[in-house]
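**Q** With chain P held as given, fit chain R onto it using these hints.
Here the protein sequences line up with chains P and R, keeping their order.
Residue numbering for the first sequence is 110 to 535, as defined by this note's numbering.
Residue numbering for the second sequence is 2 to 379, as defined by this note's numbering.
Misleading hints may appear alongside valid ones.
Claimed, not checked - Derived EDC-like pairs: lysine to aspartate or glutamate, alpha-carbon spacing no greater than 16 Å straight-line:
1. P:253 - P:276
2. R:261 - P:230
3. R:320 - R:347
4. R:121 - P:274
5. P:332 - P:270
6. P:496 - R:109
7. R:145 - P:488
8. R:121 - P:237
9. R:136 - P:230
10. R:261 - P:270
Unchecked claim - What follows is a list of derived Cβ distance ranges for each label pair:
11. P:267 - R:319: 46 to 54 Å
12. R:216 - P:140: 32 to 40 Å
13. R:201 - P:460: 34 to 42 Å
These are calculated hints, taken from the structure and not from any lab test.
Ideal Cβ positions, reconstructed from N, Cα and C, are used throughout, including at glycine.
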Amino acid sequence: MKFTKILGTAAIMGVLGAPMAHTAHAAPNGDAVMKNYADIAHAGYSDAVSTAKTLEAAVDNLIDNPSEEALKKARAAWIAARPSYQQTEVFRFGNPIVDDWEGKVNAWPLDEGLIDYVDGDLYGSESEENPAYTANVIANPELKIGSDTIDASTINADLLEQLHEIDGVDANVATGYHAIEFLLWGQDLNGTGPGAGNRPWTDYAKGDECTNANCDRRGDYLKAATDLLVSDLTWMSEQWADDGDARKNVMQDNGATGLTAEITGMGSLSYGELGGERTKLGLLLHDPEESHDCFSDNTHNSHFYDALGIQNVYLGKYTRTDGSVVEGPSLSGLVAASNADLDKEIKTKLAASVAAGQAMVDRANNGEHFDQMIAAGNEEGNAAVQKFVDALVDQTKSIEQVVGAIGLEGISFEGSDSLDNPDAIN
Amino acid sequence: MPLFDTGCRRAMAGLIITIAAGLSAPPAAHADLPDGQYHDVIVHLLSKVLPPQLDALHSSTATLATGMSDFCKSPDKAGLAKMRDGFNIAMDRWQEVQPWRMGPMMADGRDQMIEYWPDKHGTATRQFRMLLRNKPPLYTDPAKIADASAALQGFPALEEVLFNPKLAGQIVANGKDGIYLCQYGTTIAGNLEKLTGDLVAEWPAFADAMINAGPESLDYPTSKFAATDLYRALHEGMLIIISQKLARPLGEGPDDANAKRAESWRAERSLRNISHNLKSLFAIYDGELNGAGESGKGMVALIGADSLLDKSFRLNWQKIRDASDALPSSMVAVLAQPGGFDKIQELQNQVAYGVMLVENDVGGHTELGGGFNALDGD
Chain P
110 MKFTKILGTA AIMGVLGAPM AHTAHAAPNG DAVMKNYADI AHAGYSDAVS
160 TAKTLEAAVD NLIDNPSEEA LKKARAAWIA ARPSYQQTEV FRFGNPIVDD
210 WEGKVNAWPL DEGLIDYVDG DLYGSESEEN PAYTANVIAN PELKIGSDTI
260 DASTINADLL EQLHEIDGVD ANVATGYHAI EFLLWGQDLN GTGPGAGNRP
310 WTDYAKGDEC TNANCDRRGD YLKAATDLLV SDLTWMSEQW ADDGDARKNV
360 MQDNGATGLT AEITGMGSLS YGELGGERTK LGLLLHDPEE SHDCFSDNTH
410 NSHFYDALGI QNVYLGKYTR TDGSVVEGPS LSGLVAASNA DLDKEIKTKL
460 AASVAAGQAM VDRANNGEHF DQMIAAGNEE GNAAVQKFVD ALVDQTKSIE
510 QVVGAIGLEG ISFEGSDSLD NPDAIN
Chain R
2 MPLFDTGCRR AMAGLIITIA AGLSAPPAAH ADLPDGQYHD VIVHLLSKVL
52 PPQLDALHSS TATLATGMSD FCKSPDKAGL AKMRDGFNIA MDRWQEVQPW
102 RMGPMMADGR DQMIEYWPDK HGTATRQFRM LLRNKPPLYT DPAKIADASA
152 ALQGFPALEE VLFNPKLAGQ IVANGKDGIY LCQYGTTIAG NLEKLTGDLV
202 AEWPAFADAM INAGPESLDY PTSKFAATDL YRALHEGMLI IISQKLARPL
252 GEGPDDANAK RAESWRAERS LRNISHNLKS LFAIYDGELN GAGESGKGMV
302 ALIGADSLLD KSFRLNWQKI RDASDALPSS MVAVLAQPGG FDKIQELQNQ
352 VAYGVMLVEN DVGGHTELGG GFNALDGD
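Excised from the complex, chain P in its bound form (with noise of 0.2 Å):
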C-alpha cells in the first residue's frame, strides 16, 4: 500500500525565503538547494542517456553480428546502464513530471510471456489479471488481446507503446530497462539456486543458426525497445535542463515544491518502494520473481544504487559516470542550520543503508545473489536482506523528523503492506 503525502507548501516558504532563527549554523538559501538538486538530476539523467547510448550500440552489434561475445558485451552494456538511472530514482516521488513518466522505463515485475516465449512449466498459461499473460508478441503478426486484435507485423517503438500496460494491466511491461533484461538474459530458471537468466546467443542469429524461433522480429523488438529508453531517458534528461519543466517546479517558492519533493522522494523510495515492495516483499514470499533485476541477478547492484541516491540529494551530491562531481548546497545544511544533531543521525543512517546496501552486492560479488539470499531456510541471506530493510525503515523516522524540523507539516511517505513493523522502526 501507499501512503501519499498531501502538503501544502505554504507553509514552508518563509521557512525557505528568510534567515532562521536560533540555529546552530547559516541556513543555504532554498533556492541554492534546489538549484543543486536539479543540477544533480540532470547530471543523473544525462548520464543514464550516455550508458543508454552505449547499450544501444551493443545491441546494434548484437542483432548486426550476433555471437556469443556480441551478447556479453550487450549484457555488460545493461548492468553498466543500471547505477547511473537507479541513482536517479529518488527524484520519482514528488516530483509528478517524473512519476507519470518512470513507468516507461523502469516498470517491474513484468509478465514477460508478452513480449516473448517463456517456460510453462514455471510461468504457466493464463493469469486471471492479464489476458496478454501469454501474449507473445514476437512469435504473433497478430495479438488477440482480450477483445481487441492488434496488428503487430511491424515491431517498431509505435507498437511498443501501444502495448505498455495494455489493458490497464501494469505488469503488461513492453517498454524500458527490464524488458531488454529479459531480452538479453530470458527467464532465471533456477529458482532460489544459483545463476541468472540464460538466453543464447543463437536467439538473435541469422538463417537456421536461430534458436526459439522469430529471430529476426526479437531482433526488431530489442532494438525498438532500446532506441525507445534512450529518447524517453533524454526526454527526462531536457526536463531538468535550464530551462526544463522539471526544474521550473521545483525551483517554485523560494524552492519550497522542491523541498517538498526532495523529502517525499527520500522517504517514499526508502520506506514503501525499496524497503518494502522491493525488498520486504521478497522476504516475505521467498521468490526470485520479487527480484527487482530478476533475470540478470543484478537486483543486489540495483538496491545499492537507490540507497546510494537517496544520500546523494541528502548531502547534495553525486559522483558521475565519468567520475567528475556535482556538489553544493543541500537539504543536509538546510537541517543542520536548524537542528545539528538530526542532521547528524540522519547521515548516520544513510550511511548505514548504504553500507547495508553494499553488504549484499558484497555477498553477491561472492556468489550469493539476491534471489538466493532470501531463499526460504537462507538465515544468513535472509539477515542480510533483512538488515538492508531495517536500515531503510529506520532512514524514514528519521527522514519523517526533517518534515518538522524546517517547518514542513502533513508529510507522509508512500507505504508497503510488507512494512509497518515498529519492532523494525523504533
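**A** Same frame as chain P, but now just chain R:
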C-alpha cells in the same frame, strides 16, 4: 455523476488523492486537546474493544484446525460443507481484526501471513500452481510451513483448497492428491491458529506500550502520537476498501469488471468481508464491537459524543452500512446481475464520501489527520 465512472485504476487512485487533498485541510483552529483524552481512547480501544476480537479469531481458527484434522480422517461432502462453514466463521472474525493495522498485527509481516492479498504480482497464483504440481512435503509439515511463502500459509491458500471445486473434489475422493491437499489444508489451519495465538499473546505488551506513552517511552513520546495509529487504521482501512477491495474488481468500467480480482472471490464472500471491515472500522470511531467496549468511548470521545458532528457522522455512516447491507456476500453474483456494477459502485461512492468525513471531521478535530492516503503499490 458517479465518482468512479471511467478511467483506469491508476487514474481512479489519483482521483482519490484529489478528493482527499481538497478536503483534508483541517477545520477552523481550536484549542489543543489534553494528552489525557487521547490516553483514555487508547486504553478503551486497545484493552477493552480489540482483545475479545482477537480471542474470537484465535478460537475460530483453533476450531477450524481441529475440524480439518478430523475431516481429513474420512472426508466426505458433508464434512467439506462443515469445513467451509468453519472457514467462513474464522474469516468473519479476521475481517473484523484486519483493519487494526498496528503493532503485532504488522510485526514480521504477520498480517500478510494470515492473509496475503491482493496478489499484485501474481506470485501467489504461480506459487500455488507449483505447489500443486510438486506437492512438496514442506507444506504439510506444521513445524515448517511458517517458514514458507506468506502466500501459501494463510486464508487465501486454505480458501483455494476448500472452495476450488476441482481441489475440493479431489479431497472428497480421498485419492493420493486429495490426501495431500487435505493435509495441506489442515496444516494451514493449524498455522492460522498459531499466528492468531501469537497475536493474542503479543497484543497486551503492545497495548501497554501505547497506554504508557510519555516522555519515558522510547516508542510513543505522547498519547497523541500513539493515537495516530488508531486514526491511521480507520483511515487506511477505508481506503483499502475503496482502492483494493472495490476498485480492483470493478476495473475501468462494467465491461472490464472482474469479480475474480476481488478478495475471497472463490468463497463468494468478497462483499461480506467489506461488511465486517466496516463494522470494525466504525468501532474504532464509536468504541463498541460485538458487545465489547462502550459506545461513545472510541475516537468520537475526542470530538464529543452526541455533538452535532458526531450525529452527522453517524447518519452518514449509516448510509455506508445501508449500501453495504443492500448487497449479498458474493461479488461474483452481483456483477452477474443487470445493474450489479452500479450497485457496487454506489457502495464505493459511499465509502469514498466517508473517507472525506474521516479526514475532515475526525482527522481535523482530533488533530490526528496527516493526510495519509492508501493506494495500490507498484
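**Q** Any hints this thing doesn't respect? Which numbers, in order?
**A** Hint check: 2, 10 fail, others pass.
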